[in-house]
Amino acid sequence: MGELEEIYNIIPRYFVKERLSRGLGQWSTVVQFELDGEKAFYLVIDQGNFEIQQGIYPKPKTVVGGDITALRELLKGTIDVTHFIANGKLRLIRGDYFDLLNLSRAAYIVKR
Amino acid sequence: MGMRKVAIVGVGQLPFRTRYPEKMYTELAFDAVKAALEDAGLTHKDIDSAVYSVYCDALMRQSTSDLIIHDYLGLNGKPGVRVADGAASSAYATRVGYNEVASGMSEIVLVVGVQKSQDVIDLQTMHRGDAIFQAESQTADVIWENPFTIYPWGLVLSAHIAKYHTPTEEQIAKVAIKNHHNAMDNPNAQLHMELSLEGVLNSRIIGWPTTMYESCLYGESAAAVILASEERGKEITEKPIWITGIGSCHHNSTTEMNLENAGRLWAVYGAATQAYKMAGISNSIHELDLVELNDLTAGIEIISYEELGLCPLGKGGRLVDEGTVEKTGQLPVNPSGGRIANGHIAGVSGVHSVGEVALHLREEAGKRQVKIRSGRGMVSTLGGGYAGLSAAVILER
Amino acid sequence: MDHKEYFETSDKFEVNYLFSYGGISRFFREIVENRKIFGTKCPKCGKVYCPPRSNCSNCYVSTEWVPLDGKGTVIAAVYCYWVPANWIGLKYVDLPFINALIRLDGADTCLGSVVIVEDMTLNKKVKQGTRVKIKFREKREGKISDFYFVLDED
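Residue numbers (my numbering), protein chains in the order written: chain A, 1 to 112; chain B, 1001 to 1397; chain C, 2001 to 2154.
Keep in mind that the hints were calculated from the coordinates and are not lab data.
Check before you lean on any hint, since a few could be wrong.
Here are the simulated lysine to aspartate or glutamate pairs, EDC-like style, with alpha carbons at most 16 angstroms apart [stated by the list, open to error]:
no. : chain 1 : residue 1 : chain 2 : residue 2
1   : A       : K89       : A       : E34
2   : C       : K2012     : B       : D1141
3   : B       : K1367     : B       : E1326
4   : A       : K89       : C       : E2118
5   : B       : K1315     : B       : E1169
6   : A       : K76       : B       : E1287
7   : B       : K1034     : B       : D1057
8   : C       : K2133     : C       : D2152
9   : C       : K2127     : C       : D2146
10  : C       : K2135     : C       : D2108
11  : C       : K2047     : B       : E1027
12  : C       : K2012     : B       : D1122
13  : C       : K2091     : A       : E6
14  : C       : K2133     : C       : D2154
15  : A       : K17       : A       : E73
16  : A       : K59       : A       : E38
17  : C       : K2127     : C       : E2153
18  : C       : K2135     : C       : D2105
19  : A       : K89       : C       : D2119
20  : B       : K1239     : B       : D1057
21  : A       : K111      : A       : D67
22  : C       : K2047     : C       : D2105
23  : A       : K111      : B       : E1198
24  : C       : K2091     : C       : E2138
25  : A       : K61       : C       : D2094
26  : C       : K2124     : C       : E2138
27  : C       : K2091     : C       : D2146
28  : A       : K39       : A       : E18
29  : A       : K89       : A       : E73
30  : C       : K2125     : C       : E2153
31  : B       : K1023     : C       : D2094
32  : B       : K1023     : C       : E2005
33  : B       : K1277     : B       : E1287
34  : C       : K2012     : B       : D1057
35  : C       : K2143     : B       : E1230
Have a look at the derived ranges for each label pair, beta carbon to beta carbon [what the hints assert, rightly or not]:
no. : chain 1 : residue 1 : chain 2 : residue 2 : range
36  : B       : Q1124     : A       : Q53       : 53 to 59 angstroms
37  : A       : G55       : B       : P1312     : 56 to 62 angstroms
38  : B       : Q1124     : A       : D46       : 30 to 36 angstroms
39  : B       : G1074     : A       : K111      : 49 to 55 angstroms
40  : B       : I1121     : A       : E38       : 39 to 45 angstroms
Treat the numbers as computed from the prediction; the structure is a model and nothing was measured.
Here a beta-carbon is modelled for each residue, glycine too, at the ideal position from N, C-alpha and C.
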């Protein structure tokens, strides 16, 4: 299974509001992913509920670029997002950096 | 010189906790002082003079708190003075207390550090931690450091690594693991958590290379020591612990940095040098049994080994790799868990560490007790904007 | 007392300043009005301070203002990846940001500022020894946040 398909599977299965802390349960945003060589997709997070969709969202709050392997690694929850930013594997193209920190925190909590 | 010998005759420590909502600062100070007095077999009426270490008024929601604490402790009518020098406050306070006894001005001096930090709150995030940062922000130079130079010690560490190519990320992580492991045996520690190398290295980077687990904790506590003259000290206790060396040094470590002298913690070096000279120590790694120092970050601990002369400049990482600074090593550093795992709150950490080393030298440190060979221990503290404040104390039994 | 028995209430402490820079006022006036950066030089020992001081801390004499060209060398750099959510610096920089100690050409002390680069990969573009030059923000209010640095690739 390719990494993109894996991500499409993991999000609805593990990133569920009930498993996230109270703090992340109030998190709402839309994060657009424009990863090198991959089809665009976005995450809609509404009060801690995660939804993943293909394509381009009209006005995302945050846009992230970089390497899909890095994103897949991030979602495993063992390496914090700051490391991927530091080594250039993930880039905040524009938007709210704290969305990335929150996503990393969510991954750490659900550990997939 | 005409100065008298000074003994530590009582130690009172409260555990480091994230928050003590059930205690106001007066009550925390009272608990620590009461414990120190009981340890010494004294009452508050025996105290001649008090030195208060209280760091940040904005966190405390009270200025000139030392007067209020003094009254609360039943010490009205006696001299009191407050010392506030960042995270190194209470070691500076110990020096002030030491001078009062050594000069003959007082026989018995109380040194107490207390700090609340969690009464503040950020109304947007509803997190107290966010508000602490803001409340303390005037500790740094408000014109030249704020808002961007939020980690002055991070600049020193980064410069040190660039110049000496150590410490490495692994060496820094090992210090974090060491201190967390040491804290497991410390009932006073705020955090009881073993760490793995991957866990430390992969955790959130705060300011490279420092990750979350390599950063000091922050919380609330109080601690006190009772100092006495030689004559009174020997009457009070069978185990007086002598302060044989003491030093303090204000030294801006960042503004004057250049490529040749980059990466030095000049204040730590200065305070330690004075203390060693006074105590007659010329080869610290062989003459000390333990060191409690301010590991504001794990990387700073490694630079501190060098500034304390435990090894040459640029060779601090090797002490970690060789296990020299482990609890079972030649010279245990931070057997309490240090600021990273035992706990930290400016105003208290210094006097907590002075009491801690005294307990080890008395061989009363419980499970965390280190082997006592030479009968000497050291406290080194660091704090402030420009990484510019440090005081050091040498204790001997 | 049981841990849960404590009672909490709220308070606020707010102070506004309209403060003076005293003897170093010219530093900020030159930045705001002329987009120029100055240091101060001791006429006795020749030491140039930037950040400026109106007195030489060594010689105890008054210093003189000297213009600097705004280019300098990074002495130390910290890549900051986390700050509290309400940190005031977020008005001026995005995360992550690079805080650097910079020794301006002609100066003998270091100024702390930020270096803004496109490629934020760790320790790649900005590190000890990197050459940088000053840039002034459009809106200047007389604070250290009025300027930042970029790579001097000339």
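Tested hints:
| no. | hint | verdict |
| --- | --- | --- |
| 1 | K89/A with E34/A | holds (13 angstroms) |
| 2 | K2012/C with D1141/B | violated (24 angstroms) |
| 3 | K1367/B with E1326/B | holds (15 angstroms) |
| 4 | K89/A with E2118/C | holds (14 angstroms) |
| 5 | K1315/B with E1169/B | holds (14 angstroms) |
| 6 | K76/A with E1287/B | violated (48 angstroms) |
| 7 | K1034/B with D1057/B | violated (24 angstroms) |
| 8 | K2133/C with D2152/C | holds (5 angstroms) |
| 9 | K2127/C with D2146/C | violated (22 angstroms) |
| 10 | K2135/C with D2108/C | violated (20 angstroms) |
| 11 | K2047/C with E1027/B | violated (51 angstroms) |
| 12 | K2012/C with D1122/B | holds (11 angstroms) |
| 13 | K2091/C with E6/A | violated (38 angstroms) |
| 14 | K2133/C with D2154/C | holds (10 angstroms) |
| 15 | K17/A with E73/A | violated (21 angstroms) |
| 16 | K59/A with E38/A | violated (20 angstroms) |
| 17 | K2127/C with E2153/C | holds (14 angstroms) |
| 18 | K2135/C with D2105/C | holds (15 angstroms) |
| 19 | K89/A with D2119/C | holds (11 angstroms) |
| 20 | K1239/B with D1057/B | violated (36 angstroms) |
| 21 | K111/A with D67/A | violated (20 angstroms) |
| 22 | K2047/C with D2105/C | holds (13 angstroms) |
| 23 | K111/A with E1198/B | holds (15 angstroms) |
| 24 | K2091/C with E2138/C | holds (14 angstroms) |
| 25 | K61/A with D2094/C | holds (15 angstroms) |
| 26 | K2124/C with E2138/C | violated (28 angstroms) |
| 27 | K2091/C with D2146/C | holds (12 angstroms) |
| 28 | K39/A with E18/A | violated (29 angstroms) |
| 29 | K89/A with E73/A | holds (11 angstroms) |
| 30 | K2125/C with E2153/C | holds (11 angstroms) |
| 31 | K1023/B with D2094/C | violated (39 angstroms) |
| 32 | K1023/B with E2005/C | holds (11 angstroms) |
| 33 | K1277/B with E1287/B | holds (13 angstroms) |
| 34 | K2012/C with D1057/B | holds (14 angstroms) |
| 35 | K2143/C with E1230/B | violated (54 angstroms) |
| 36 | Q1124/B with Q53/A: 53 to 59 angstroms | violated (30 angstroms) |
| 37 | G55/A with P1312/B: 56 to 62 angstroms | holds (60 angstroms) |
| 38 | Q1124/B with D46/A: 30 to 36 angstroms | violated (20 angstroms) |
| 39 | G1074/B with K111/A: 49 to 55 angstroms | holds (54 angstroms) |
| 40 | I1121/B with E38/A: 39 to 45 angstroms | holds (42 angstroms) |
The structure does not agree with the numbered hints 2, 6, 7, 9, 10, 11, 13, 15, 16, 20, 21, 26, 28, 31, 35, 36, 38 stated previously, though it agrees with the rest.
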